[in-house]
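One line per chain: the protein sequences are C and H, in this order.
Numbers 1 to 171, taken from my numbering, label the letters of the first sequence in order.
Numbers 1 to 345, taken from my numbering, label the letters of the second sequence in order.
Possibly wrong hints are sitting among the right ones.
To be verified - Pair by pair, the computed Cβ-Cβ distance ranges are:
hint: 1; chain 1: H; residue 1: Val277; chain 2: C; residue 2: Glu148; range: 57 to 67 Å
hint: 2; chain 1: H; residue 1: Ala175; chain 2: C; residue 2: Glu53; range: 21 to 31 Å
hint: 3; chain 1: H; residue 1: Asn298; chain 2: C; residue 2: Leu150; range: 46 to 56 Å
hint: 4; chain 1: H; residue 1: Lys61; chain 2: C; residue 2: Ala159; range: 48 to 58 Å
hint: 5; chain 1: C; residue 1: Ser105; chain 2: H; residue 2: Phe77; range: 52 to 62 Å
hint: 6; chain 1: C; residue 1: Lys52; chain 2: H; residue 2: Pro47; range: 41 to 51 Å
hint: 7; chain 1: H; residue 1: Pro299; chain 2: C; residue 2: Ser136; range: 44 to 54 Å
Since the hints were derived computationally from the structure, they do not count as laboratory data.
Beta carbons are placed, not taken as given, at the ideal position from N, Cα and C, and that holds for glycine.
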Amino acid sequence: MSKVWENIFKLRRKQTDEIDNILVKIPIFQDLNSRELNIIKRILHKREYKAKENIFNEGDVGLGMYIIVRGCVRIICDQENQLLAELCEGDFFGELALLDEAPRSATAVAKTPCVLLCFFKPELLDLLERNPKLGSRILFKLAWTIGERLKSTNEQLRALSGPDRQNESKS
Amino acid sequence: MNDKSPSLVKIALLSIAAAAFIIFLFLIPDIVKLVVIAALLSYILDPLANLLESRGMSRTKATVTIFLGIVMLLVIFYLVLLPPLFEQIKSLQSGLNPEQTGAMVSRLENVLVENLSFIGVKDLDLAGKLQGSMAHAGEWMFSHVLDAASLITSMILIPFIVFFLMKDGREFKRAFVGIMPNRYFEFSLYLLYKLNAQVGNFLRGQFIDAAIVGLLAVLALWLIGIKYFFLIGLFTGIANLIPYFGPIAGAALAIIVSVLQTGGFEMALYVILAFTVIKLLDDAVVQPVVVAKSVDMNPLTVLLVILVGGKLFGVLGMLLSVPIAGFIKVVVRESIINYRKYRAV
Numbered sequence: 001m002s003k004v005w006e007n008i009f010k011l012r013r014k015q016t017d018e019i020d021n022i023l024v025k026i027p028i029f030q031d032l033n034s035r036e037l038n039i040i041k042r043i044l045h046k047r048e049y050k051a052k053e054n055i056f057n058e059g060d061v062g063l064g065m066y067i068i069v070r071g072c073v074r075i076i077c078d079q080e081n082q083l084l085a086e087l088c089e090g091d092f093f094g095e096l097a098l099l100d101e102a103p104r105s106a107t108a109v110a111k112t113p114c115v116l117l118c119f120f121k122p123e124l125l126d127l128l129e130r131n132p133k134l135g136s137r138i139l140f141k142l143a144w145t146i147g148e149r150l151k152s153t154n155e156q157l158r159a160l161s162g163p164d165r166q167n168e169s170k171s
Numbered sequence: 001m002n003d004k005s006p007s008l009v010k011i012a013l014l015s016i017a018a019a020a021f022i023i024f025l026f027l028i029p030d031i032v033k034l035v036v037i038a039a040l041l042s043y044i045l046d047p048l049a050n051l052l053e054s055r056g057m058s059r060t061k062a063t064v065t066i067f068l069g070i071v072m073l074l075v076i077f078y079l080v081l082l083p084p085l086f087e088q089i090k091s092l093q094s095g096l097n098p099e100q101t102g103a104m105v106s107r108l109e110n111v112l113v114e115n116l117s118f119i120g121v122k123d124l125d126l127a128g129k130l131q132g133s134m135a136h137a138g139e140w141m142f143s144h145v146l147d148a149a150s151l152i153t154s155m156i157l158i159p160f161i162v163f164f165l166m167k168d169g170r171e172f173k174r175a176f177v178g179i180m181p182n183r184y185f186e187f188s189l190y191l192l193y194k195l196n197a198q199v200g201n202f203l204r205g206q207f208i209d210a211a212i213v214g215l216l217a218v219l220a221l222w223l224i225g226i227k228y229f230f231l232i233g234l235f236t237g238i239a240n241l242i243p244y245f246g247p248i249a250g251a252a253l254a255i256i257v258s259v260l261q262t263g264g265f266e267m268a269l270y271v272i273l274a275f276t277v278i279k280l281l282d283d284a285v286v287q288p289v290v291v292a293k294s295v296d297m298n299p300l301t302v303l304l305v306i307l308v309g310g311k312l313f314g315v316l317g318m319l320l321s322v323p324i325a326g327f328i329k330v331v332v333r334e335s336i337i338n339y340r341k342y343r344a345v
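Let the sequences and hints guide you as you build the complete structure.
What follows is the structure, encoded as structure tokens:
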């Protein structure tokens, strides 16, 4: 009997460790201590998706971000049926929806069976109301993450436009 | 066709399940009544619990603190406000003894006959009619309102349900969203988020509005010098939950008492003036500030809703029918608007 309990606790601990290890790698939650991380874990939704199942569709109102615990996700542009990105364990997507209720700009499809953690705007707003200190730290890190992504997009654009500019100046 | 058949079967099954659930709710009206009242109260108290949580309390501690606060308020109410309330009820009972009531009613009858004889008002026999209606009212009060057993059960069960809804409300919501299929998961959360904001604002607004109007009515009637001013003010505040009919019912009661008290219409004019000012203040100042989004209902709908509420759930049903109908209207309206918005493209 005690072995059964031990196994149950081991399994639970293993799952908790797995989620902890993923969360500390996400920039938004990086600087949080274990107590704060536990508060965050309580407001995350854990969802399981089958392979080829849609996580969200292009045009749906975005409500928050998804963190991949297990599996891989493909981000596809519906109109051109173009693969924009393939994300795997530890990656996250859709974080802009935490700030803006604009429609999703692409469709996310599970490439393999996936386990995702979902962090949504209602929970972030609720956290800001109940625990303003922790909520504002997460908002700050979210702004920082989005800023970093903007910088990297700018650099990519510069790199792409670099050869064009050189060609333009030659002609 | 193959694609459509399963969804049609699903819709049919869901409709049957929903119908069965609604029938089940109608079979247990007393429990539904308790849960609805508890849910309304927990909605009203929720921001207070959030505020205490933001000051560093756990949810459980915040809920316990609010309950202790309510107990303290009830004790204050018991010590300060209950004695005058009982006094008013006692004096109302004594005021209704056959001799005094007979004298007051005949005085009112004389005033009416004197002033309204030109439209053919002659022999009204108000005393006889009042006696008959009072006998029926007494029976009705005991069978509908003063059911002591159900009152005690409600007084124990409602706080109990409110406590757990406040403490574990988030977990209930998470559990509900958790059972949603992946396809509707984000939308259901989005809808709950929108509904929570709309419905919460609506209910809290209605509650604050009723409290302010009730207080203003108590103050105005006390200044005018009407008997039972506290009881009538309390009734006016609660009746204010019912649009159109509520304010009129409060004013009518105050006018009747003023005429019975003085035997003339002079005080009634002050009452009409006071209630007009309160109504104007409510419409121009209180409602725009506290009631975030009004739920417009035409008078016929309000009347039907009150009748249905009264038929199904008695006096309480009549009082709460309009806020609950407003709640259902907000839920349906927001569901449709947000579904369209969510699936906009």
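Hint by hint, here is what the structure shows:
{"no.": "1", "hint": "H:Val277 - C:Glu148: 57 to 67 Å", "in the structure": "holds, 60 Å"}
{"no.": "2", "hint": "H:Ala175 - C:Glu53: 21 to 31 Å", "in the structure": "holds, 22 Å"}
{"no.": "3", "hint": "H:Asn298 - C:Leu150: 46 to 56 Å", "in the structure": "holds, 51 Å"}
{"no.": "4", "hint": "H:Lys61 - C:Ala159: 48 to 58 Å", "in the structure": "holds, 55 Å"}
{"no.": "5", "hint": "C:Ser105 - H:Phe77: 52 to 62 Å", "in the structure": "holds, 56 Å"}
{"no.": "6", "hint": "C:Lys52 - H:Pro47: 41 to 51 Å", "in the structure": "holds, 43 Å"}
{"no.": "7", "hint": "H:Pro299 - C:Ser136: 44 to 54 Å", "in the structure": "holds, 48 Å"}
Checked against the numbered hints listed earlier, the structure breaks none of them; every hint is satisfied.
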